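Chains as they are written, first to last, in numbering that gives the first Met the number 0: chain X, 0 to 332; chain S, 0 to 303; chain B, 0 to 320.
Honestly, the hints are just simulated from the structure, not real lab data. All clues given are correct.
Mimicking SDA-like on lysine to any residue, the simulated pairs with C-alpha atoms at most 25 Å apart in a straight line are:
#	chain 1	residue 1	chain 2	residue 2
1	B	Lys273	X	Pro142
2	B	Lys11	B	Pro283
3	X	Lys256	B	Ser256
4	X	Lys63	X	Glu280
5	S	Lys194	B	His213
6	X	Lys256	X	Asp266
7	S	Lys206	B	Ser103
8	B	Lys11	B	Glu86
9	S	Lys27	X	Ser18
10	B	Lys252	X	Gln263
11	B	Lys85	S	Ser202
12	B	Lys77	B	Arg63
13	S	Lys194	B	Leu73
14	X	Lys198	B	His213
15	S	Lys194	S	Tyr119
16	S	Lys27	X	Pro61
17	X	Lys256	B	Ser156
18	X	Lys131	X	Thr108
19	S	Lys194	B	Ser103
20	S	Lys194	B	Tyr13
21	B	Lys85	S	Ser203
22	S	Lys206	B	Pro107
23	S	Lys194	B	Val130
24	S	Lys27	X	Asp60
25	B	Lys108	S	Trp18
26	B	Lys40	X	Gln265
27	X	Lys63	X	Tyr305
28	S	Lys206	B	Arg63
29	S	Lys194	B	Asp32
30	B	Lys84	S	Glu189
31	S	Lys29	X	Arg19
Here chain S is said to cover these stretches of chain B; the calculated rule only asks that three of the stretch's residues, wherever they fall, bring their Cβ under 8 Å from a Cβ of chain S:
#	region
32	88-102
33	106-112
34	116-128
Computed far set for chain B versus chain X, every beta-carbon distance over 12 Å:
#	residue
35	Gly26
36	Pro145
37	Glu205
38	Pro283
Because the structure is a prediction, the values reported are computed rather than measured. Virtual Cβ for every residue (Gly too), placed ideally from N, Cα, C.
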Amino acid sequence: MEEPIIRVNHLQTYFYVDSRISRAVDDVSFSIPKGKIVCIVGESGCGKSVTALSLLRLISDPGKILGGEVLFQEQDVLKMNTKDLHNLRGNQISMIFQEPMTSLNPVFTIGRQIVETIVEHTLLDEKQAWKKAVGLIERVDLPRAEQIMTSYPHELSGGMLQRVMIAIALSCDPSLLIADEPTTALDVTIQAQVLDLLKGIRDESDMSILFITHDLGVVAEIADYVIVMYAGKKIEEAPIIDLFQNPRHPYTKGLLKSRPIIGQHQDRLYSIRGQVPDLSELGQNCYFCDRCEECLDICKEKYPPYLSDGSQHNTACWLYEKGELNESASGTN
Amino acid sequence: MSTIKQKPAAERKKSKSIWTESFRRLLKNKTAVFSACFLILMFLFSFVGPLLSPYGADAMDVTLMKYPPSLFHWLGTDDYGRDVLTRLMTAGQISLTVGLASMVLSLVLGALLGAIAGYYGGIVDSMIMRIADILLSIPSLPLLIIIAALLSEFKVPTDYRIYIVMMMISFVGWPRLARLIRGQILSLREQMYIKAADVLGLSSRRKIFHHLLPNTYPLLIVVATLQTAAGILNESTLSFLGLGVVAPTATWGNMITIANNLIDFQKRPWLWIPPGMAIFLTVVAINVLGDAIRDVLDPKMKGR
Amino acid sequence: MSQPLVQINDLKKYFPIKSSFFGKPTGYIKAVDGISLQIEKGEAFGLVGESGSGKSTLGQTILRMHEKTSGQILFDGKDIHTISKKELVHLRTRMQYIFQDPYSSLNPKIRIGDAIGEPLLEHGLATKSDVDDKVGNILTMCGMAPRFMDRYPHEFSGGQRQRIVIARAMALNPDFIVADEPVSSLDVSIQAQIINLFSDLREQRELSYLFISHDLSIVEHLCSRIAIMYLGIIVELATRDELFSNPVHPYTKALLSAVPIPDPTLDRHRIELKGDIPSPEKPPSGCRFHTRCPFAKDICREQVPELRQANEDHQVACHLF
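Could you build the full structure based on these sequences and the hints that come with them?
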């Protein structure tokens with residue numbers, strides 16, 4: 000892999016609710032190469048959003064980051080002082096969220112909110128910041144930039160607001176953009192526009208993107224590398240084409256099979272049985288074992304180690320522990 | 000399908016968890032527990048206390064008039080030689096009963112009218128709410144005084160006055176409640192599950208009593224505590240002014256009337272400090288408890 | 000063919016926009032603006048559109064959850080907007096609505112057994128003595144254990160709640176179900192379970208569905224006929240195979256090309272649409288899609304295209320066709 004822009008090692012974030020411990024993120028490690036888009040994919044409650052928030056230390060009570068490192072430019076974000084952290088957020092790492100409507104203050108104009116961010120993080124005065132803001136709005140392909148600058152959030156549609164959020168995120172030329180389900184609340188045609196925009200920005204400025212989503216279709220559109228999470232654990236990681244062509248973990252395979260695909264009509268959809276386990280009631284076993292169709296005896300006893308075979312495609316599953324890797328990999332799809 | 004009816008006990012228990020959970024949290028709040036204990040003691044004091052007292056509430060002893068606290072009369076005696084402690088207990092019965100009864104009455108009235116107004120809307124809503132507005136726009140104390148003065152004019156027997164006082168207090172209490180409930184119902188009506196009940200073809204009665212009102216219980220409980228405190232205060236005020244429950248029936252309010260007399264006020268504090276403290280502490284305890292319950296039931300506290 | 004179960008003729012539903020207390024409405028949101036369609040017995044009909052296209056309003060107006068503005072809805076030959084209240088309550092058992100969000104469509108204060116049993120008792124479909132058995136059966140049919148009856152909704156996950164909501168609707172033994180985005184708030188692995196439940200129930204009960212969704216791939220899987228809605232009108236209506244193999248309307252083509260497909264090797268030609276869906280308050284003149292259409296011509300700005308028969312199984316409203 001190329002030089003990583005951020006390296007996450009053994010990150011652990013737990014939530015303490017009513018004397019129970021939810022292991023929302025448990026021993027997750029990954030890195031994001033410069034200029035690449037890494038997707039974390041998983042269902043609700045798998046810890047993908049918490050992972051993203053942990054990178055910026057945006058976890059508040061009852062959550063707590065218990066351990067691990069987040070190395071950004073050789074500095075550990077988890078050990079930074081408040082001033083450095085403030086400098087890091089917005090300046091070098093920015094973030095966009097699922098609901099653009101709630102991320103903007105309804106009583107201020109769009110322009111004022113962008114200018115504010117720029118003035119806060121750069122040495123520009125208000126006038127220069129305004130000019131820069133107009134440029135940013137044009138950069139995210141919104142027409143009539145001046146008019147948008149003077150309008151209020153409720154006057155714009157969801158898709159436009161998400162573009163405004165991207166413009167704000169870009170205002171300080173960050174080297175990493177964290178996007179937490181940025182297209183989930185948007186219509187498909189608008190989603191396609193926003194995905195294209197993000198790819199375009201990446202190509203232009205060599206920015207890295209950490210993209211959180213639950214939709215494997217979106218992953219296929221945008222990602223370079225994919226991390227699959229389940230119940231707080233990273234269970235599979237691979238370059239995009241590898242993951243879709245040779246999924247290894249039974250959960251990944253199940254996810255890929257359970258979506259109806261246009262043009263490939265089936266009478267019955269494949270479905271993964273059961274539900275996601277409660278994060279506060281996890282045992283020693285593989286967390287997926289009771290939903291898994293290929294469950295072995297050992298799966299019910301011990302959580303599988305995360306296996307790296309030297310390539311970039313790794314998984315945590317007992318099926319690949321005993322040299323079954325090659326035959327199983329070729330047997331799928 | 001015989002298995003359906005045998006549910007494991009553990010699951011039954013788990014289903015009640017909304018309330019048990021709230022109760023557990025309430026127990027963690029020390030001031031709330033303290034207030035609740037105080038209120039329980041106050042009830043025991045008022046309702047069980049007289050049974051243990053050697054004196055009758057109305058038993059006069061002309062040899063011992065306005066006697067200061069002593070070993071025989073712990074809180075002294077009043078101007079007819081009646082034991083103040085015993086009178087304080089029986090007065091507590093009246094005050095607490097009036098507070099609770101007026102609370103129940105205004106709660107029923109307010110919840111019902113508020114729910115009807117909120118559910119049906121339109122002209123029904125306008126009518127109920129305009130009446131409530133009118134009642135709310137008149138300060139309640141002058142209103143109560145006027146009604147009470149009318150009662151005195153019509154020479155209502157003393158025995159009935161206590162019931163009439165209860166009704167008067169509920170009469171000024173319900174509009175505020177009806178407003179709260181109506182607001183709550185209006186927002187609940189927009190909830191999907193009420194729309195779902197529409198589609199399922201459920202009757203209006205069912206929707207109001209089974210679907211809407213149970214969702215206002217947290218609010219109702221909080222308002223109920225505050226309403227009780229307000230009822231006790233209102234009754235005391237009226238009785239103090241001689242317009243509520245009148246002698247010989249003792250209430251905390253008419254016991255303080257004695258403080259109107261400058262000499263009694265300065266020289267015989269045992270006559271008015273105990274009922275004053277009783278009112279003050281009871282009302283504070285009820286309000287503290289109400290606040291604590293509100294905090295416990297507030298969904299934001301559940302970490303959502 | 001016998002008469003359709005649901006027949007909709009030129010249905011319109013406008014919501015007034017109020018400006019002041021007493022003033023007349025300053026305008027109307029034309030959520031549904033002249034829609035005609037039929038749904039046959041046992042048919043799964045798909046309705047696809049973006050947010051703001053009026054698809055949910057259409058579904059709700061069909062069940063008379065809103066009063067219509069004009070037009071006609073015949074359910075089994077009866078006009079449901081003119082029948083008496085009493086008859087409507089009776090008809091309610093035959094047509095049901097399933098909401099998008101399973102979290103808010105169950106009353107948090109009511110045990111799920113009561114939630115399902117209540118309508119049965121209310122409509123006299125069960126007695127106090129056999130209601131528990133009936134609820135148990137229906138829960139089993141929807142893939143839930145009967146012992147869950149005593150629990151409250153907050154104890155269930157989203158997928159389980161959606162099963163409960165479906166069970167509640169199914170308990171009344173309806174002929175027609177409007178399902179409004181019933182899986183879009185669920186996780187992918189759970190979506191598949193619920194979609195399968197829908198197809199199983201249809202086979203067992205000869206149900207008709209109006210399946211509302213923004214997700215073409217789910218509609219393609221479940222429905223045999225599909226209508227595409229844009230700004231309150233139907234722009235294309237066809238059988239499944241016809242629509243997906245031979246889409247005609249530029250909007251349908253754009254939608255199809257925008258659906259993300261989980262195959263990174265696929266190199267697709269995407270039809271990029273300009274901007275957002277316009278406000279239904281002032282829909283564009285002529286063809287409503289012309290503001291975003293990459294192929295718009297002069298005629299599109301001036302004349303409203305009629306929904307025309309393209310072939311036996313295919314209707315489309317486009318001048319270019």
